Amino acid sequence: MQPSSSNFKPNAAAALADSTLQRALAKARSGFQSKRARARSELPEFDALCEQAKDIKNHTLAHLDLYLEIFEQKVTESGGRVHWARTPEQARKLILGICKEAGAHTITKGKSMVAEEIALNPALEAAGFQPVETDLGEYIVQIRKEVPSHIIAPAFHLTREQVEADFRRTHLDLDKDRSLTKPEELVAEARGILRDKFVKADVGITGANFLVAETGSSVIVTNEGNADLTHLLPRVHIVLTTIEKLVPNLSDVSGILRVLARSATGQDISMYTTFMTGPRRPGDPDGPEAYHVVLLDNGRSEMLGAEFQDMLRCIRCGSCINHCPVYGAVGGHAYGWVYPGPMGAVLTPSLIGVHEAGHLPNASSFCGRCEAVCPMKIPLPKMMRHWREREFEQGESPRIQRMSIKAWSWLARRPQLYRRVMGPLIGLLGEWGKRRGNFRWLPMAGQWLKHRDLAAPAGRSFHELWQLEQNRRIREADIRR
Amino acid sequence: MSSQSDRDAIIGAIRKNLGARGDEPGRRGRVRTRIERSPNGIIPERAGYDLAERIDQFTASLKSQGVTVEEVENLKALPGAIATILAEFNLPAQLRHGDDPLLATLDWSDTLIETQTGAAHLDDATSLSRAVTATAETGTLVLTSGTNNPSTLNFLPETHLVVLMTRDLCGSYEEAWDRIRAIYGRGNLPSTVNYVSGPSASADIEQTLVRGAHGPKRLAVFLVAEK
Numbered sequence: 033m034q035p036s037s038s039n040f041k042p043n044a045a046a047a048l049a050d051s052t053l054q055r056a057l058a059k060a061r062s063g064f065q066s067k068r069a070r071a072r073s074e075l076p077e078f079d080a081l082c083e084q085a086k087d088i089k090n091h092t093l094a095h096l097d098l099y100l101e102i103f104e105q106k107v108t109e110s111g112g113r114v115h116w117a118r119t120p121e122q123a124r125k126l127i128l129g130i131c132k133e134a135g136a137h138t139i140t141k142g143k144s145m146v147a148e149e150i151a152l153n154p155a156l157e158a159a160g161f162q163p164v165e166t167d168l169g170e171y172i173v174q175i176r177k178e179v180p181s182h183i184i185a186p187a188f189h190l191t192r193e194q195v196e197a198d199f200r201r202t203h204l205d206l207d208k209d210r211s212l213t214k215p216e217e218l219v220a221e222a223r224g225i226l227r228d229k230f231v232k233a234d235v236g237i238t239g240a241n242f243l244v245a246e247t248g249s250s251v252i253v254t255n256e257g258n259a260d261l262t263h264l265l266p267r268v269h270i271v272l273t274t275i276e277k278l279v280p281n282l283s284d285v286s287g288i289l290r291v292l293a294r295s296a297t298g299q300d301i302s303m304y305t306t307f308m309t310g311p312r313r314p315g316d317p318d319g320p321e322a323y324h325v326v327l328l329d330n331g332r333s334e335m336l337g338a339e340f341q342d343m344l345r346c347i348r349c350g351s352c353i354n355h356c357p358v359y360g361a362v363g364g365h366a367y368g369w370v371y372p373g374p375m376g377a378v379l380t381p382s383l384i385g386v387h388e389a390g391h392l393p394n395a396s397s398f399c400g401r402c403e404a405v406c407p408m409k410i411p412l413p414k415m416m417r418h419w420r421e422r423e424f425e426q427g428e429s430p431r432i433q434r435m436s437i438k439a440w441s442w443l444a445r446r447p448q449l450y451r452r453v454m455g456p457l458i459g460l461l462g463e464w465g466k467r468r469g470n471f472r473w474l475p476m477a478g479q480w481l482k483h484r485d486l487a488a489p490a491g492r493s494f495h496e497l498w499q500l501e502q503n504r505r506i507r508e509a510d511i512r513r
Numbered sequence: 253m254s255s256q257s258d259r260d261a262i263i264g265a266i267r268k269n270l271g272a273r274g275d276e277p278g279r280r281g282r283v284r285t286r287i288e289r290s291p292n293g294i295i296p297e298r299a300g301y302d303l304a305e306r307i308d309q310f311t312a313s314l315k316s317q318g319v320t321v322e323e324v325e326n327l328k329a330l331p332g333a334i335a336t337i338l339a340e341f342n343l344p345a346q347l348r349h350g351d352d353p354l355l356a357t358l359d360w361s362d363t364l365i366e367t368q369t370g371a372a373h374l375d376d377a378t379s380l381s382r383a384v385t386a387t388a389e390t391g392t393l394v395l396t397s398g399t400n401n402p403s404t405l406n407f408l409p410e411t412h413l414v415v416l417m418t419r420d421l422c423g424s425y426e427e428a429w430d431r432i433r434a435i436y437g438r439g440n441l442p443s444t445v446n447y448v449s450g451p452s453a454s455a456d457i458e459q460t461l462v463r464g465a466h467g468p469k470r471l472a473v474f475l476v477a478e479k
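As you go down the protein sequences, you meet chains A and B in turn. In terms of the working numbering, the first sequence opens at residue 33 and continues consecutively. In terms of the working numbering, the second sequence opens at residue 253 and continues consecutively.
These are computed hints drawn from the structure, not numbers from a lab. Hints should not be assumed to be uniformly reliable.
[What the hints assert, rightly or not] Over the 10 Å line for every Cβ pair with chain A, so calculated as not near, a few chain B residues:
#1 308
#2 320
#3 361
#4 367
#5 376
#6 407
#7 419
#8 449
[Claimed, not checked] Pairs of lysine to any residue, SDA-like flavour, derived with a Cα cap of 25 Å:
#9 B:469 x A:203
#10 A:232 x A:113
#11 A:67 x B:298
#12 A:414 x A:399
#13 A:232 x A:204
#14 A:86 x B:267
#15 B:268 x A:361
#16 A:177 x A:232
#17 A:409 x B:270
#18 A:208 x B:464
#19 A:466 x A:456
#20 B:469 x A:317
#21 A:67 x A:361
#22 A:125 x A:385
#23 A:125 x B:257
#24 B:469 x A:210
#25 B:469 x A:213
#26 A:86 x B:439
Quantities reported herein were computed from a predicted structural model and do not represent experimental measurements. Backbone N, C-alpha and C define an ideal beta-carbon position, used for all residues, glycine too.
Whole structure, please, built from the sequences with the hints as guidance.
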C-alpha cells in the first residue's frame, strides 16, 4: 500500500474526532488486555518461556544464513520450491508468474501482513486475477476497500453496524429482509459466501507465522481455519513470508507457540496451528499439487548486526498494539502504513525510511507498556529513541525543534556558561511558580502545556544546593576541629 | 522468476551484516547440533506427569472451548457412542472417514450409521478422523495428512468427530513431535500436520467470539481407553 505515515498528525487528529471509530476502539481495547493478563497468570512458566523465546530468536538471527540454507534444502526435498525476493516488486513478480503459470482466475488468501507490505492485491487485480480475502476481518476490510487497522484483528476499527451495512451493500443476491443484527448471523453469511470462493480457487496464498528449518515447514496459526482451506483446496499453494520468521526446530516452535496466542488473544493456543511441508504426496487424496515459498527480504537483512536487529524477533502477536495508549486513542489507520502501534513505529521506518515514517517513533509517551508486555522482550521504547536520534542526524525533524535542541546541547556542554544562564532563569521561574507549584502555561510552550502541567523549579539548581551542602560540611568539620 | 543472484544477494547481505562468512566450523556445528538434537526447552507443569493428570487437563482444556469429550471403554463400544452423539446433535446418521486401519475395523452394524471413505465432499455433514497423537497441556489434537485421514475432513464438514486412543495422549507438544518423528523419520513430515484445539471460531466483529467460522462448528472427541 502507498504509505501515508508522513500525515500522522492530521490522521491522528481526524481519528480522535471520528465518533464511530472512537466507539469501536472503546469496545475493543479492554478485552485484549484482560484476556492476556489472565492467560499469563494461568501459566506460571510464562515469563521464563518469554526469556526462552527471546533466546531462540537471538540464536536463529545470529545463524540466519545457515538456517535459511537448511530450510531451502528441506522444502526442496519435500517437493516444494523456494523463491527469493529482495524487494516487494520482485515478490509481486514471482507471485504473478506462479499464478499465470497455474492459469489461475480466483485466488483465495489467508491473512498476510507481508502481502499488505508488498501491496499484493492491487497487483493481482491489475493482472486480471480475482483475489479474495478469507479471514473474516480481512474480508470485511477488502469489501470496504480499506486496509487492516490491526495486525491480528484487521477490522478492529469497525462496529457491528458498519459490517452489517457493508454486507447489505455487497451481498446483493441475498434476501433483503434477512436479519443481520447478531455477530453469529454476520459470520454465517460470510461463511456461505466464502465457501463458494474456496471451492473455485485455483491458487491459495497465505503468510506464515514461523518457518522451521528442521523440516522445511511453514507454520500458520488461525482461529477460523481459513488458512487451512486456502492451503488444502486450490491446486497451488503459495506461502508468502519473510526471512526472519525462521526457527531452528520443532521444539523451538513449540516453545514460542506457548507465548504467542497467550500474548495475542489471551487464548492458551489458537484453534488451528498447521505445519505445511511441501505439496500432497503421491497417493494423497487432498492437499495442494504444487507448493511454493516466496521468501522476502525487503530491508530485513540490513537490520541485522545493527541497532534494530532486536525488532526481527517480533512474532506479530499484537500485544504491544493492544496495550498502547496512543494506538488505543487513534486506531491503526492513522499510522498510515501496514504495521501500526509500537511495533510499527519501530519497523515502519526500517522498511519505508525515516523520511516517510519519522512521525511514528515520535507518537509515543514512552510509557513503556509495549516493552513490558512484549513476549520477545523487544526494547521498543529504546528503539523509538534510536529513530528519533537518526531523524535528528538526517535533518528530518522540524527546524525549530532542531535549532532548540542544538542550542540546548551547545549550552549544556559548557557548564560554566550553562550555570550562569540557567541559574537566574531557574530562580525566576521558581519565584513565579511558587504559589501554584506548577505551570499551566509558559511562553513558547503553549502547545506542549495544553495537555500537561510543568512542575515549578525549586528556585535553586542542583549545583547550587550541592555547593551549599559542601560548604556546610566543611564548616561543621572546621568547628569540630 | 527468482534467480540464484537474488538468493546470493540476500544470504550475502545477512553474512556481511552478521560479520560471518558461512563456513565457520563453530557456527555450522552449533546449527547442526540444534537441528539434529532439537533439545527440549521449558515444559510447563500443566503438561502433566501421569496419565490421569493428562486426561484431566486434556478434557478440561477441550471442554473450555465448547468441545464434547466422551470417554469410551473400547473400540467395540465406539460406533454406539458415535451414534448417540449424532442423535444428540440432531444430525443424519452418515459420516465420512479415511482409510485408517483402526477406523476400518469398526463394526457399524449395530447402528444406523452409513459410512463413506475418502477426502471430504462439500455436502458432507459429518467427518470422522483419528488423531495420531494429542497433547494434554492445551487440549490439542494432532492430525496428519494422507489417505488414512485426509486433511479436508478436518475442515469442510460442519461436525468433526475425532478418535484418540488414550495410549496416544502425550503431555507436551515436544513429546507429540517425538512420536511424529518416530513415524515419519527425523526431519520429515507429511504434507500437512494439523493441531486442532477447538471448533472453528472468529472474533473479528467487535471482538465477540463466534463459533463456526470457516471450519467445523462442532467438534467431538472420543477418548478410547483400550490398550
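Hints, one by one, checked against the model:
1. Every C-beta of chain A lies more than 10 Å from that of residue 308 of chain B, the closest at about 15 Å, which supports listing it as non-interface.
2. With 10 Å as the threshold on Cβ separation, the claim that residue 320 of chain B sits away from chain A holds: the shortest Cβ distance comes to roughly 15 Å.
3. No beta-carbon of chain A is positioned within 10 Å of the beta-carbon of residue 361 of chain B; the least distance is around 26 Å.
4. Every CB of chain A is more than 10 Å from the CB of residue 367 of chain B (nearest about 16 Å), matching its label as outside the interface.
5. The claim that residue 376 of chain B lies off the interface holds: its Cβ sits roughly 13 Å from the closest Cβ of chain A, which is beyond the 10 Å cut-off.
6. Not every C-beta of chain A lies more than 10 Å from that of residue 407 of chain B, the closest at about 5 Å, which undercuts listing it as non-interface.
7. Look at residue 419 of chain B: its CB is around 21 Å from the nearest CB on chain A, clear of 10 Å, so calling it non-interface holds up.
8. Under the 10 Å C-beta cut-off, the non-interface status given to residue 449 of chain B relative to chain A is violated; the minimum distance is some 5 Å.
9. Between the alpha carbons of residue 469 of chain B and residue 203 of chain A the distance comes to roughly 23 Å, so the proposed pair stays at or under 25 Å and holds.
10. A hinted pair counts as satisfied when its Cα atoms are at most 25 Å apart, and residue 232 of chain A with residue 113 of chain A qualifies at roughly 24 Å.
11. This hinted pair checks out: residue 67 of chain A and residue 298 of chain B have alpha carbons roughly 19 Å apart, not beyond 25 Å.
12. This hinted pair checks out: residue 414 of chain A and residue 399 of chain A have alpha carbons roughly 11 Å apart, not beyond 25 Å.
13. This hinted pair checks out: residue 232 of chain A and residue 204 of chain A have alpha carbons roughly 20 Å apart, not beyond 25 Å.
14. Between residue 86 of chain A and residue 267 of chain B the CA atoms are separated by roughly 21 Å; this keeps the pair inside 25 Å, and the hint holds.
15. With a C-alpha separation of about 41 Å, the suggested pairing of residue 268 of chain B with residue 361 of chain A is violated against the 25 Å cut-off.
16. Pair hint residue 177 of chain A plus residue 232 of chain A holds up; C-alpha atoms about 22 Å apart against a cutoff of 25 Å.
17. Only pairs whose Cα atoms come within 25 Å are accepted, and residue 409 of chain A paired with residue 270 of chain B is accepted, the gap being roughly 21 Å.
18. Taking the CA atoms of residue 208 of chain A and residue 464 of chain B, the gap is about 23 Å. The hint holds against a cut of 25 Å.
19. The straight-line distance between the Cα atoms of residue 466 of chain A and residue 456 of chain A is roughly 15 Å, inside the 25 Å bound, and the hint therefore holds.
20. Only pairs whose Cα atoms come within 25 Å are accepted, and residue 469 of chain B paired with residue 317 of chain A is accepted, the gap being roughly 24 Å.
21. Taken as a hint, the residue 67 of chain A and residue 361 of chain A pair is honoured in the structure, with Cα atoms around 20 Å apart against an allowance of 25 Å.
22. For the proposed pair residue 125 of chain A and residue 385 of chain A, the alpha carbon gap of about 23 Å is at most 25 Å, so the pair holds.
23. Between the alpha carbons of residue 125 of chain A and residue 257 of chain B the distance comes to roughly 16 Å, so the proposed pair stays at or under 25 Å and holds.
24. Note on residue 469 of chain B and residue 210 of chain A: the hinted pairing holds, with a Cα-Cα distance of about 21 Å set against a maximum of 25 Å.
25. The suggested pairing of residue 469 of chain B with residue 213 of chain A holds, with an alpha-carbon distance near 20 Å, which does not exceed 25 Å.
26. Restraint check for residue 86 of chain A and residue 439 of chain B: satisfied, since their Cα atoms lie roughly 24 Å apart, inside the 25 Å limit.
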